[in-house]
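Engineer: Sequence:
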Amino acid sequence: MASSRLGGASIVRRTVSHLLSSEASTSSANLCTSAAKRAVAQPGAKVVGAGATPATSSSAAVTSPRELLTVFKQLSKARLSALVVLSAAAGFVAGSGETVEWTKLGLTSFGTFACAASANTLNQIYEVEKDKLMKRTCKRPLPTGKITPKNALIWAVGSGVVGCATLYASSNATTAALGAANIVLYAGVYTPLKQVSMWNTWVGALVGAVPPLMGWAAASGGLEPGSFVLASALHFWQLPHFFSLAWICREDYGRGGYKMLSLMDKTGKRTAACALRNCIYLLPLGFLAQHFNVATEEFTYEAAALSTVMACSALVFYTKPSVETARILFRASLLHLPLYMGSLLMHRIPRGQDKPLGKEEKSKVVMPPFPFLPVPGVDFKRGG
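Take the sequence shown: its position 36, counting from 1, is numbered 406 in my numbering, and each next residue is one higher.
Pairs of lysine-lysine, DSS-like flavour, derived with a Cα cap of 30 Å:
#1 Lys-474 <-> Lys-447
#2 Lys-443 <-> Lys-500
#3 Lys-690 <-> Lys-629
#4 Lys-639 <-> Lys-500
Simulated from the structure, these hints should not be mistaken for lab results.
Model, not experiment: these values are computed from the prediction.
Generate the whole structure from the sequences, applying the supplied hints.
Structural biologist: If you want it as C-alpha coordinates, here you go:
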(Lines of atoms letter the chains of each structure in order from A and count residues from 1; the text may use other names and numbers.)
(Lines give C-alpha, C1' and ligand atoms only; values in the text may rest on other atoms or scores of the structure.)
Protein backbone atom coordinates (compact mmCIF):
# COMPACT_ATOMS: atom_id res chain seq x y z
CA MET A 1 0.00 0.00 0.00
CA ALA A 2 2.85 2.33 0.83
CA SER A 3 4.54 1.65 -2.51
CA SER A 4 1.33 2.32 -4.41
CA ARG A 5 0.91 5.63 -2.59
CA LEU A 6 4.46 6.61 -3.48
CA GLY A 7 3.64 5.77 -7.09
CA GLY A 8 0.52 7.90 -6.89
CA ALA A 9 2.51 10.83 -5.50
CA SER A 10 5.00 10.48 -8.35
CA ILE A 11 2.17 10.58 -10.88
CA VAL A 12 0.76 13.73 -9.27
CA ARG A 13 4.13 15.51 -9.26
CA ARG A 14 4.58 14.79 -12.95
CA THR A 15 1.05 15.98 -13.68
CA VAL A 16 1.61 19.29 -11.86
CA SER A 17 4.85 19.86 -13.75
CA HIS A 18 3.18 19.05 -17.07
CA LEU A 19 0.16 21.28 -16.47
CA LEU A 20 2.30 24.23 -15.41
CA SER A 21 4.34 23.86 -18.59
CA SER A 22 1.08 23.69 -20.54
CA GLU A 23 0.02 27.04 -19.07
CA ALA A 24 3.36 28.50 -20.09
CA SER A 25 2.84 27.18 -23.61
CA THR A 26 -0.62 28.73 -23.73
CA SER A 27 0.73 32.09 -22.60
CA SER A 28 3.50 32.04 -25.19
CA ALA A 29 0.98 31.14 -27.87
CA ASN A 30 -1.10 34.17 -26.94
CA LEU A 31 1.96 36.38 -27.36
CA CYS A 32 2.66 35.01 -30.84
CA THR A 33 2.35 37.66 -33.55
CA SER A 34 1.52 37.60 -37.23
CA ALA A 35 5.19 37.98 -38.06
CA ALA A 36 5.31 34.24 -38.77
CA LYS A 37 2.94 34.75 -41.67
CA ARG A 38 5.11 37.52 -43.13
CA ALA A 39 8.35 35.57 -42.77
CA VAL A 40 10.14 34.66 -46.00
CA ALA A 41 12.25 31.52 -46.13
CA GLN A 42 15.92 32.34 -46.30
CA PRO A 43 18.31 30.39 -48.55
CA GLY A 44 19.55 27.33 -46.73
CA ALA A 45 16.96 27.65 -43.96
CA LYS A 46 15.53 24.42 -42.56
CA VAL A 47 12.14 25.86 -41.71
CA VAL A 48 9.57 27.11 -44.21
CA GLY A 49 7.53 30.18 -43.19
CA ALA A 50 3.95 29.60 -42.08
CA GLY A 51 2.61 31.19 -45.24
CA ALA A 52 4.71 29.06 -47.58
CA THR A 53 4.07 25.58 -48.83
CA PRO A 54 6.52 22.70 -48.44
CA ALA A 55 6.94 22.49 -52.21
CA THR A 56 8.44 25.99 -52.42
CA SER A 57 11.56 25.09 -50.45
CA SER A 58 13.20 21.69 -50.46
CA SER A 59 15.64 22.98 -47.84
CA ALA A 60 12.86 22.71 -45.27
CA ALA A 61 13.30 18.96 -45.06
CA VAL A 62 14.81 17.65 -41.84
CA THR A 63 18.14 15.87 -42.34
CA SER A 64 19.70 15.04 -38.96
CA PRO A 65 18.42 12.32 -36.58
CA ARG A 66 18.14 14.88 -33.78
CA GLU A 67 15.91 17.13 -35.89
CA LEU A 68 13.83 14.15 -36.96
CA LEU A 69 13.32 13.18 -33.31
CA THR A 70 12.13 16.72 -32.59
CA VAL A 71 9.69 16.52 -35.50
CA PHE A 72 8.22 13.24 -34.25
CA LYS A 73 7.95 14.74 -30.77
CA GLN A 74 6.00 17.69 -32.16
CA LEU A 75 3.77 15.49 -34.31
CA SER A 76 2.99 13.39 -31.25
CA LYS A 77 2.24 16.50 -29.14
CA ALA A 78 4.50 15.02 -26.48
CA ARG A 79 3.18 17.14 -23.59
CA LEU A 80 -0.45 16.35 -24.36
CA SER A 81 0.40 12.67 -24.82
CA ALA A 82 2.23 12.73 -21.48
CA LEU A 83 -0.94 14.00 -19.78
CA VAL A 84 -2.88 11.17 -21.43
CA VAL A 85 -0.33 8.70 -20.05
CA LEU A 86 -0.60 10.18 -16.55
CA SER A 87 -4.38 9.84 -16.54
CA ALA A 88 -4.05 6.23 -17.72
CA ALA A 89 -1.47 5.59 -15.00
CA ALA A 90 -3.85 7.01 -12.40
CA GLY A 91 -6.52 4.61 -13.64
CA PHE A 92 -4.03 1.74 -13.43
CA VAL A 93 -3.08 2.49 -9.81
CA ALA A 94 -6.71 3.06 -8.81
CA GLY A 95 -7.69 -0.27 -10.37
CA SER A 96 -4.83 -2.22 -8.81
CA GLY A 97 -4.90 -4.41 -5.74
CA GLU A 98 -2.66 -4.03 -2.71
CA THR A 99 0.43 -4.29 -4.93
CA VAL A 100 0.93 -2.29 -8.13
CA GLU A 101 2.56 -4.20 -11.01
CA TRP A 102 5.14 -1.62 -12.04
CA THR A 103 6.43 -3.46 -15.13
CA LYS A 104 2.91 -3.79 -16.45
CA LEU A 105 2.26 -0.14 -15.64
CA GLY A 106 5.34 0.84 -17.65
CA LEU A 107 4.25 -1.17 -20.69
CA THR A 108 0.72 0.20 -20.43
CA SER A 109 2.10 3.73 -20.29
CA PHE A 110 4.26 3.11 -23.37
CA GLY A 111 1.34 1.66 -25.33
CA THR A 112 -0.92 4.52 -24.29
CA PHE A 113 1.67 7.10 -25.35
CA ALA A 114 2.07 5.44 -28.75
CA CYS A 115 -1.70 5.45 -29.31
CA ALA A 116 -1.90 9.13 -28.31
CA ALA A 117 1.01 9.94 -30.64
CA SER A 118 -0.81 8.25 -33.50
CA ALA A 119 -4.05 10.15 -32.88
CA ASN A 120 -2.28 13.51 -32.54
CA THR A 121 -0.31 12.99 -35.74
CA LEU A 122 -3.43 12.07 -37.71
CA ASN A 123 -5.06 15.20 -36.29
CA GLN A 124 -2.25 17.39 -37.63
CA ILE A 125 -2.30 15.73 -41.06
CA TYR A 126 -6.00 16.50 -41.35
CA GLU A 127 -5.67 20.08 -40.09
CA VAL A 128 -2.45 21.14 -41.84
CA GLU A 129 -4.11 23.89 -43.90
CA LYS A 130 -5.94 25.23 -40.83
CA ASP A 131 -2.75 25.14 -38.77
CA LYS A 132 -1.07 27.50 -41.25
CA LEU A 133 -3.62 30.18 -40.34
CA MET A 134 -3.42 29.99 -36.55
CA LYS A 135 -0.76 31.61 -34.37
CA ARG A 136 -0.62 28.66 -31.98
CA THR A 137 -0.05 26.09 -34.72
CA CYS A 138 1.67 27.82 -37.64
CA LYS A 139 5.13 26.55 -36.64
CA ARG A 140 4.24 22.88 -36.45
CA PRO A 141 6.24 20.43 -38.63
CA LEU A 142 3.65 19.98 -41.38
CA PRO A 143 2.81 23.67 -41.98
CA THR A 144 6.52 24.53 -42.09
CA GLY A 145 7.36 21.63 -44.38
CA LYS A 146 9.74 19.87 -42.00
CA ILE A 147 8.07 16.58 -42.89
CA THR A 148 5.77 15.48 -45.69
CA PRO A 149 2.20 14.30 -45.03
CA LYS A 150 3.16 10.87 -46.39
CA ASN A 151 5.97 10.38 -43.87
CA ALA A 152 3.79 11.77 -41.09
CA LEU A 153 1.14 9.20 -42.01
CA ILE A 154 3.72 6.41 -41.81
CA TRP A 155 4.63 7.61 -38.32
CA ALA A 156 0.97 7.77 -37.29
CA VAL A 157 0.13 4.28 -38.53
CA GLY A 158 3.30 2.80 -37.07
CA SER A 159 2.70 4.39 -33.67
CA GLY A 160 -0.90 3.19 -33.61
CA VAL A 161 0.04 -0.40 -34.49
CA VAL A 162 2.87 -0.51 -31.95
CA GLY A 163 0.70 1.05 -29.26
CA CYS A 164 -2.26 -1.30 -29.68
CA ALA A 165 0.02 -4.35 -30.02
CA THR A 166 1.86 -3.41 -26.81
CA LEU A 167 -1.39 -2.95 -24.91
CA TYR A 168 -2.72 -6.29 -26.16
CA ALA A 169 0.48 -8.21 -25.38
CA SER A 170 1.16 -6.66 -21.98
CA SER A 171 -2.39 -6.44 -20.64
CA ASN A 172 -5.51 -7.61 -22.50
CA ALA A 173 -7.79 -7.18 -25.49
CA THR A 174 -10.06 -4.71 -23.67
CA THR A 175 -7.21 -2.24 -23.12
CA ALA A 176 -6.01 -2.58 -26.73
CA ALA A 177 -9.55 -2.12 -28.06
CA LEU A 178 -9.99 1.04 -25.99
CA GLY A 179 -6.70 2.38 -27.34
CA ALA A 180 -7.70 1.70 -30.94
CA ALA A 181 -11.19 3.12 -30.40
CA ASN A 182 -9.75 6.31 -28.94
CA ILE A 183 -7.53 6.83 -32.00
CA VAL A 184 -10.60 6.51 -34.23
CA LEU A 185 -12.70 8.75 -31.98
CA TYR A 186 -10.08 11.49 -31.82
CA ALA A 187 -8.80 11.45 -35.40
CA GLY A 188 -11.90 10.20 -37.19
CA VAL A 189 -14.72 11.94 -35.29
CA TYR A 190 -13.47 14.78 -33.11
CA THR A 191 -10.98 16.23 -35.60
CA PRO A 192 -13.34 16.65 -38.59
CA LEU A 193 -16.19 17.67 -36.28
CA LYS A 194 -14.21 20.76 -35.20
CA GLN A 195 -14.89 22.26 -38.62
CA VAL A 196 -18.56 21.32 -38.63
CA SER A 197 -20.15 21.67 -35.19
CA MET A 198 -19.51 23.21 -31.79
CA TRP A 199 -20.34 19.82 -30.30
CA ASN A 200 -16.77 18.80 -31.03
CA THR A 201 -15.80 19.94 -27.52
CA TRP A 202 -18.11 17.37 -25.92
CA VAL A 203 -16.76 14.61 -28.16
CA GLY A 204 -13.22 15.67 -27.28
CA ALA A 205 -14.09 15.35 -23.60
CA LEU A 206 -15.15 11.74 -24.24
CA VAL A 207 -11.74 11.09 -25.78
CA GLY A 208 -10.09 12.37 -22.61
CA ALA A 209 -12.21 10.09 -20.43
CA VAL A 210 -10.96 6.89 -22.11
CA PRO A 211 -7.30 6.73 -20.86
CA PRO A 212 -8.30 6.14 -17.19
CA LEU A 213 -10.49 3.28 -18.41
CA MET A 214 -7.50 1.87 -20.30
CA GLY A 215 -5.37 1.99 -17.17
CA TRP A 216 -8.04 0.38 -15.02
CA ALA A 217 -8.68 -2.38 -17.57
CA ALA A 218 -4.95 -3.09 -17.84
CA ALA A 219 -4.62 -3.46 -14.06
CA SER A 220 -7.82 -5.37 -13.31
CA GLY A 221 -8.50 -7.24 -16.54
CA GLY A 222 -11.73 -5.41 -17.35
CA LEU A 223 -14.04 -2.50 -16.64
CA GLU A 224 -16.02 -2.13 -13.42
CA PRO A 225 -18.42 0.52 -12.11
CA GLY A 226 -15.65 2.14 -10.11
CA SER A 227 -13.55 2.69 -13.23
CA PHE A 228 -16.12 5.12 -14.59
CA VAL A 229 -15.79 7.41 -11.57
CA LEU A 230 -12.28 8.50 -12.56
CA ALA A 231 -13.31 8.59 -16.24
CA SER A 232 -16.23 10.86 -15.37
CA ALA A 233 -13.93 13.13 -13.37
CA LEU A 234 -11.69 13.53 -16.44
CA HIS A 235 -14.70 14.11 -18.71
CA PHE A 236 -16.35 16.80 -16.60
CA TRP A 237 -13.00 18.45 -15.80
CA GLN A 238 -12.09 18.84 -19.46
CA LEU A 239 -15.19 20.81 -20.43
CA PRO A 240 -14.66 23.88 -18.17
CA HIS A 241 -10.93 23.62 -18.87
CA PHE A 242 -11.44 23.85 -22.64
CA PHE A 243 -14.37 26.27 -22.52
CA SER A 244 -12.21 28.76 -20.65
CA LEU A 245 -9.30 28.16 -23.04
CA ALA A 246 -11.57 28.53 -26.07
CA TRP A 247 -12.77 31.91 -24.78
CA ILE A 248 -9.21 33.10 -24.21
CA CYS A 249 -8.14 31.96 -27.71
CA ARG A 250 -11.41 32.54 -29.58
CA GLU A 251 -9.85 34.93 -32.13
CA ASP A 252 -7.27 32.33 -33.05
CA TYR A 253 -9.94 29.65 -33.43
CA GLY A 254 -11.86 32.08 -35.63
CA ARG A 255 -8.87 32.49 -37.94
CA GLY A 256 -8.66 28.71 -38.24
CA GLY A 257 -12.33 28.44 -39.17
CA TYR A 258 -13.26 26.12 -36.32
CA LYS A 259 -16.79 25.82 -34.97
CA MET A 260 -16.49 26.65 -31.29
CA LEU A 261 -19.14 27.66 -28.78
CA SER A 262 -17.07 30.70 -27.84
CA LEU A 263 -17.29 31.99 -31.44
CA MET A 264 -21.09 31.80 -31.37
CA ASP A 265 -21.34 33.48 -27.98
CA LYS A 266 -20.82 37.24 -28.14
CA THR A 267 -21.28 37.84 -24.41
CA GLY A 268 -19.54 34.75 -23.06
CA LYS A 269 -22.57 33.82 -20.93
CA ARG A 270 -23.31 30.54 -22.74
CA THR A 271 -19.67 29.47 -22.62
CA ALA A 272 -19.40 30.30 -18.93
CA ALA A 273 -22.73 28.61 -18.15
CA CYS A 274 -21.57 25.37 -19.79
CA ALA A 275 -18.34 25.54 -17.83
CA LEU A 276 -20.19 26.13 -14.54
CA ARG A 277 -22.66 23.32 -15.20
CA ASN A 278 -19.92 20.75 -15.70
CA CYS A 279 -18.07 21.95 -12.59
CA ILE A 280 -21.25 21.20 -10.64
CA TYR A 281 -21.35 17.72 -12.17
CA LEU A 282 -18.00 17.05 -10.50
CA LEU A 283 -19.44 17.49 -7.00
CA PRO A 284 -21.10 14.06 -6.47
CA LEU A 285 -18.25 11.99 -7.91
CA GLY A 286 -16.47 11.72 -4.56
CA PHE A 287 -19.58 10.12 -3.04
CA LEU A 288 -19.79 7.70 -5.96
CA ALA A 289 -16.14 6.78 -5.46
CA GLN A 290 -16.91 5.83 -1.86
CA HIS A 291 -20.10 4.00 -2.88
CA PHE A 292 -18.22 1.80 -5.36
CA ASN A 293 -15.33 1.22 -2.91
CA VAL A 294 -12.83 3.12 -5.06
CA ALA A 295 -11.75 5.49 -2.28
CA THR A 296 -12.35 6.19 1.39
CA GLU A 297 -14.62 8.73 3.03
CA GLU A 298 -11.74 11.21 3.28
CA PHE A 299 -11.63 11.44 -0.50
CA THR A 300 -15.35 12.25 -0.57
CA TYR A 301 -14.83 15.47 1.39
CA GLU A 302 -11.60 16.45 -0.34
CA ALA A 303 -13.09 15.90 -3.80
CA ALA A 304 -16.15 17.97 -2.88
CA ALA A 305 -13.94 20.80 -1.61
CA LEU A 306 -11.76 20.80 -4.74
CA SER A 307 -14.80 20.73 -7.02
CA THR A 308 -16.40 23.57 -5.07
CA VAL A 309 -13.33 25.76 -5.60
CA MET A 310 -13.42 25.06 -9.33
CA ALA A 311 -17.17 25.75 -9.46
CA CYS A 312 -16.60 29.09 -7.71
CA SER A 313 -14.00 29.98 -10.34
CA ALA A 314 -16.54 29.12 -13.04
CA LEU A 315 -19.12 31.26 -11.24
CA VAL A 316 -16.73 34.24 -11.39
CA PHE A 317 -16.39 33.64 -15.15
CA TYR A 318 -20.17 33.41 -15.50
CA THR A 319 -20.85 36.54 -13.43
CA LYS A 320 -18.46 38.66 -15.49
CA PRO A 321 -17.34 36.93 -18.70
CA SER A 322 -13.95 38.20 -19.86
CA VAL A 323 -10.51 36.96 -20.79
CA GLU A 324 -9.34 37.73 -17.25
CA THR A 325 -12.09 35.72 -15.52
CA ALA A 326 -11.73 32.92 -18.07
CA ARG A 327 -8.07 32.77 -17.18
CA ILE A 328 -8.99 32.41 -13.49
CA LEU A 329 -11.04 29.33 -14.33
CA PHE A 330 -8.33 27.99 -16.63
CA ARG A 331 -5.71 28.23 -13.90
CA ALA A 332 -8.07 26.70 -11.34
CA SER A 333 -8.56 23.74 -13.68
CA LEU A 334 -4.79 23.29 -13.95
CA LEU A 335 -4.56 22.92 -10.18
CA HIS A 336 -7.73 20.88 -9.80
CA LEU A 337 -6.75 17.81 -11.81
CA PRO A 338 -3.45 16.84 -10.09
CA LEU A 339 -4.89 17.55 -6.64
CA TYR A 340 -8.02 15.53 -7.41
CA MET A 341 -6.09 12.56 -8.77
CA GLY A 342 -3.60 12.78 -5.94
CA SER A 343 -6.34 12.67 -3.34
CA LEU A 344 -7.96 9.70 -5.05
CA LEU A 345 -4.73 7.73 -5.18
CA MET A 346 -3.81 8.58 -1.58
CA HIS A 347 -7.19 7.43 -0.28
CA ARG A 348 -7.83 4.61 -2.72
CA ILE A 349 -9.19 1.28 -1.57
CA PRO A 350 -7.16 -1.53 -3.15
CA ARG A 351 -9.23 -3.50 -5.63
CA GLY A 352 -10.69 -6.65 -4.08
CA GLN A 353 -10.80 -5.10 -0.61
CA ASP A 354 -14.34 -4.13 0.35
CA LYS A 355 -13.27 -1.31 2.64
CA PRO A 356 -10.21 -0.05 4.51
CA LEU A 357 -9.67 -1.27 8.04
CA GLY A 358 -11.01 1.12 10.66
CA LYS A 359 -9.33 1.81 13.98
CA GLU A 360 -11.49 -0.68 15.87
CA GLU A 361 -11.01 -3.40 13.29
CA LYS A 362 -7.25 -2.91 13.28
CA SER A 363 -7.13 -3.40 17.07
CA LYS A 364 -9.00 -6.70 16.80
CA VAL A 365 -6.83 -8.21 14.08
CA VAL A 366 -4.07 -10.45 15.46
CA MET A 367 -1.43 -11.69 13.02
CA PRO A 368 1.50 -13.24 14.95
CA PRO A 369 4.43 -13.82 12.58
CA PHE A 370 5.44 -17.04 14.35
CA PRO A 371 3.47 -19.60 16.42
CA PHE A 372 5.61 -19.15 19.50
CA LEU A 373 4.96 -15.40 19.78
CA PRO A 374 2.21 -14.61 22.30
CA VAL A 375 -1.18 -13.46 21.08
CA PRO A 376 -2.77 -10.68 23.19
CA GLY A 377 -5.26 -12.03 25.67
CA VAL A 378 -3.96 -15.62 25.58
CA ASP A 379 -2.17 -17.22 28.55
CA PHE A 380 -0.23 -20.19 27.16
CA LYS A 381 0.88 -21.38 30.60
CA ARG A 382 -2.73 -22.01 31.52
CA GLY A 383 -3.58 -23.42 28.14
CA GLY A 384 -5.56 -20.37 27.03
